[in-house]
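Position chain B against the provided structure of chain A, taking the given hints into account.
This is what each chain is made of:
Protein chains: 2
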Amino acid sequence: MSKKAMVYIQSGGPTSVINTSLYGAIREAQRHPEEIEGIYGSLNGVEGLLNDRLIDLGKEDDSTIELLKQTPGAILGTTRYKLPKDLHDEQYGRIIETLKKHNIGYVFVNGGNDSMDTCYKLSLLAKELNLDIKVMGVPKTVDNDLAETDHSLGFSSAAKYVANTVKEIIIDAQVYRRGKVFIIEIMGRNAGWLTATVDLLPEGFRPDLIYLPENKFDVEKFLADSKRIFEEKGHVIAALSEGIQFERDTSTARVDSFGHMQLGGAGADLARIVESRLDLPTRAIELSLPQRAYSFLTSKVDQDEAIACGTIAVQKALEGMTGHMIAIKRVSSKPYQVKYEPVDISKIANVERVVPQSMMIDDTHMAPSFREYCLPLIQGEIQVEYEDGIIKAAVLKKVPVK
Amino acid sequence: MSKKAMVYIQSGGPTSVINTSLYGAIREAQRHPEEIEGIYGSLNGVEGLLNDRLIDLGKEDDSTIELLKQTPGAILGTTRYKLPKDLHDEQYGRIIETLKKHNIGYVFVNGGNDSMDTCYKLSLLAKELNLDIKVMGVPKTVDNDLAETDHSLGFSSAAKYVANTVKEIIIDAQVYRRGKVFIIEIMGRNAGWLTATVDLLPEGFRPDLIYLPENKFDVEKFLADSKRIFEEKGHVIAALSEGIQFERDTSTARVDSFGHMQLGGAGADLARIVESRLDLPTRAIELSLPQRAYSFLTSKVDQDEAIACGTIAVQKALEGMTGHMIAIKRVSSKPYQVKYEPVDISKIANVERVVPQSMMIDDTHMAPSFREYCLPLIQGEIQVEYEDGIIKAAVLKKVPVK
Chain A
378 MSKKAMVYIQ SGGPTSVINT SLYGAIREAQ RHPEEIEGIY GSLNGVEGLL NDRLIDLGKE
438 DDSTIELLKQ TPGAILGTTR YKLPKDLHDE QYGRIIETLK KHNIGYVFVN GGNDSMDTCY
498 KLSLLAKELN LDIKVMGVPK TVDNDLAETD HSLGFSSAAK YVANTVKEII IDAQVYRRGK
558 VFIIEIMGRN AGWLTATVDL LPEGFRPDLI YLPENKFDVE KFLADSKRIF EEKGHVIAAL
618 SEGIQFERDT STARVDSFGH MQLGGAGADL ARIVESRLDL PTRAIELSLP QRAYSFLTSK
678 VDQDEAIACG TIAVQKALEG MTGHMIAIKR VSSKPYQVKY EPVDISKIAN VERVVPQSMM
738 IDDTHMAPSF REYCLPLIQG EIQVEYEDGI IKAAVLKKVP VK
Chain B
378 MSKKAMVYIQ SGGPTSVINT SLYGAIREAQ RHPEEIEGIY GSLNGVEGLL NDRLIDLGKE
438 DDSTIELLKQ TPGAILGTTR YKLPKDLHDE QYGRIIETLK KHNIGYVFVN GGNDSMDTCY
498 KLSLLAKELN LDIKVMGVPK TVDNDLAETD HSLGFSSAAK YVANTVKEII IDAQVYRRGK
558 VFIIEIMGRN AGWLTATVDL LPEGFRPDLI YLPENKFDVE KFLADSKRIF EEKGHVIAAL
618 SEGIQFERDT STARVDSFGH MQLGGAGADL ARIVESRLDL PTRAIELSLP QRAYSFLTSK
678 VDQDEAIACG TIAVQKALEG MTGHMIAIKR VSSKPYQVKY EPVDISKIAN VERVVPQSMM
738 IDDTHMAPSF REYCLPLIQG EIQVEYEDGI IKAAVLKKVP VK
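Protein sequences appear in the order of chains A and B. Take 378 as the starting number for the first sequence in this note's numbering and just add one per residue. Take 378 as the starting number for the second sequence in this note's numbering and just add one per residue.
Extracted from the complex, chain A is given alone in its bound form (with noise of 0.2 Å):
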């Protein structure tokens, strides 16, 4: 077998652990240098190769390796950008040209739903073309809704932040006798897998209100039961989904110079209503980024498996395989364990997998499998290392591949 080089992409939103599937995926080649003549990361996804922007990751010292594993985001520079349909565009020619001039046999694809989108159809050329060039995707999503997998990396860090992060909000909402209605704001615009990580919370500090956007939300029960929970307790916590929909109250939306309508968050928008309908103090707080990247609340399980899948997604394209990604299929609950599969990614691109309503109670409240499901990706927490009481990141030297 001739010796090729391996390109790595990183591709969609950032997550706590994009860069520790890189961890996992060098490391793993470095133990193979009789096959991997050269480690390179495409800048920005796929435009890397559409560009031939490629770095050298050998040149990179160990140290900077190492850190990857406390370093969120997306170090290599990530894209939304969509190949088209036609595998005959020139925009392929161009990919084929980069892939070409640096001889690379190995191409990885970390990301989500479109950016296996990315990975199908690359496999797809390389097969069409009868390239010798093997494609593999990294799972990865905050928003857990990968199909064929248990859950998607990342997932589990940002459950683990979501849930913590929203017990420490509702200790501060509880100091004050008269509270306010506050409304947290978490990601998921389609699933509400993160939205529901809150039911984690031991009693005392859960919200009162939970709502996913597989479920219908009607603002008039909303109101009714904010009210009554004020009238009980002094404040209401109430988490929902960013992808929630409600009849928007357009007449007090902004409007631009351009005259476009400036609607808020949907958080945002619903303390507007509670003020103006129920008359009562109200807080709304997005999580905003911070909830998909983080170091500081990076679950055990999930840097474990995002180790794990990176190397055995070099592990099998050297075995051979392409067009598959790498899924994490779950053996038991109690105790924790997994297993590694890799499934034909035709399956999983641009699939959505949604919260099942076995997992609800109701719309406002999470199922004892939920729990039983969720608990376990959170558990575990990683040692980081600080430098003047600010952790540290990896800076990466970026040597461009000649």
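I should point out that these hints are in silico values taken from the structure, not numbers from a laboratory. Do not rely on the hints blindly, as some may be mistaken.
Just so you know, same-sequence chains aren't split out, so a pair can sit in one copy or run between any two.
Using 16 Å as the maximum straight-line C-alpha spacing, the simulated EDC-like pairs for lysine to aspartate or glutamate come out as follows [claimed, not checked]:
| hint | residue 1 | residue 2 |
| --- | --- | --- |
| 1 | Lys769 | Glu580 |
| 2 | Lys711 | Asp765 |
| 3 | Lys381 | Glu411 |
| 4 | Lys677 | Glu764 |
| 5 | Lys477 | Glu414 |
| 6 | Lys677 | Asp765 |
| 7 | Lys769 | Asp438 |
| 8 | Lys774 | Glu580 |
| 9 | Lys769 | Asp439 |
| 10 | Lys381 | Asp433 |
| 11 | Lys462 | Glu505 |
Okay, now just chain B, sitting in the frame of chain A:
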């Protein structure tokens, strides 16, 4: 000396370590059973004294007291209630009744400027009526605007949270080739201490622009700087205090059903201005409640000093001191060393300390002297105990004092 009870009051906004000062005070009181006959907590600040709502902290489990060190918020509940000026007001009669009923000889008020006003009034009251009651203050505020102390308890942990969280946001903000104008809103109405802490970040992870309320905010200059930086780097990171003043564009403001103008936060409103004037994508991120009370990023320096201030307040009261707050005085920055000194509370109540101009280079950058001042405060991490992946928090039994 006859045995007396003590009562502890938490007042104003919560922090990461207000319960840690309480821990220090409880542990010190337990070392003096011959002088202190009861360790009580006042529920919701001075409201507990007004309404005779005290709980017996001696009835709490030892493990609960230990957990106070990793429980943010204000476990006794707090208040923003301001006592009347006139010491002959009937409210003081009710307070004295509560103090006498429970044989209280020591009162501790843990709070910021407004709370030190409460502390001051109570100490005056005791003196005027010749009551054998010692009243001592423990400094606290994430705003760091208390006079006569090098810094306030709670600020150091908030600083560690803000700097580290902004670093994570900056990492996330850089993953796409074409980014956004990110506007990060940080607490601080009149004093910009907390916003300034982003200057502690290492190069490459520091915001491009920093705005404190101590300086006049120039919208036009901000827009010009944002445009220039976006063209250079593809994104902009601006960190600003919630208290910066600028003309809000009320033509695009929402009006609620009562006809009240609904302004957003400074960051959200500024983002709208950038969108409409520069036509650039923006994202406003409010660090919100977690920045003031979050257990995971508690500074070890803050924890140690919080315990020390609680401890020393009890010691000084037992020595017969009253009407003083335990201030932190810096002996040296390298190595970092402090001493604790009681300061007459009349010098502190209602006084506000802002960031001096000497700590700024210009209106968007901090001077090295700020770094020298602030960096020692965010050093050291605390070990926290988890249960099922969630950090444990103390829950009090709250046994009422009869």
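Hints versus structure:
In the homo-oligomer, the alpha carbons of Lys769 and Glu580 lie at most 16 Å apart only across protomers (12 Å), although the nearest pairing inside one protomer, at 35 Å, exceeds that limit. Only between protomers do Lys711 and Asp765 lie at most 16 Å apart by alpha-carbon distance; the minimum there is 13 Å, versus 40 Å within a single protomer. For the identical chains of this complex, Lys381 and Glu411 are intra-copy neighbours only, at 9 Å inside a copy versus 79 Å across copies, given an alpha-carbon limit of 16 Å. Proximity of Lys677 to Glu764 under the C-alpha cut-off of 16 Å is restricted to the inter-copy arrangement: shortest distance 14 Å between copies versus 22 Å within a copy.
Taking the shortest Cα distances, Lys477 and Glu414 sit within 16 Å of each other inside one copy (14 Å), while across copies they are farther apart (82 Å). Within a single copy, Lys677 and Asp765 get their C-alpha atoms only as close as 24 Å, which misses the 16 Å cut-off; across copies the closest is 12 Å, which meets it. In this assembly of identical chains, Lys769 and Asp438 lie within 16 Å of each other by CA distance solely inside one copy; the values are 15 Å within and 38 Å between copies. In this homomeric assembly, Lys774 and Glu580 come within 16 Å of each other (Cα to Cα) only across copies, at 15 Å, whereas the closest approach inside a single copy is 48 Å.
Proximity of Lys769 to Asp439 under the C-alpha cut-off of 16 Å is restricted to the intra-copy arrangement: shortest distance 15 Å within a copy versus 36 Å between copies. Taking the shortest Cα distances, Lys381 and Asp433 sit within 16 Å of each other inside one copy (14 Å), while across copies they are farther apart (72 Å). For the homomeric pair Lys462 and Glu505, the shortest alpha-carbon distance inside one copy (14 Å) is at most 16 Å, but the shortest distance between copies (85 Å) is not.
The structure agrees with every numbered hint stated previously.
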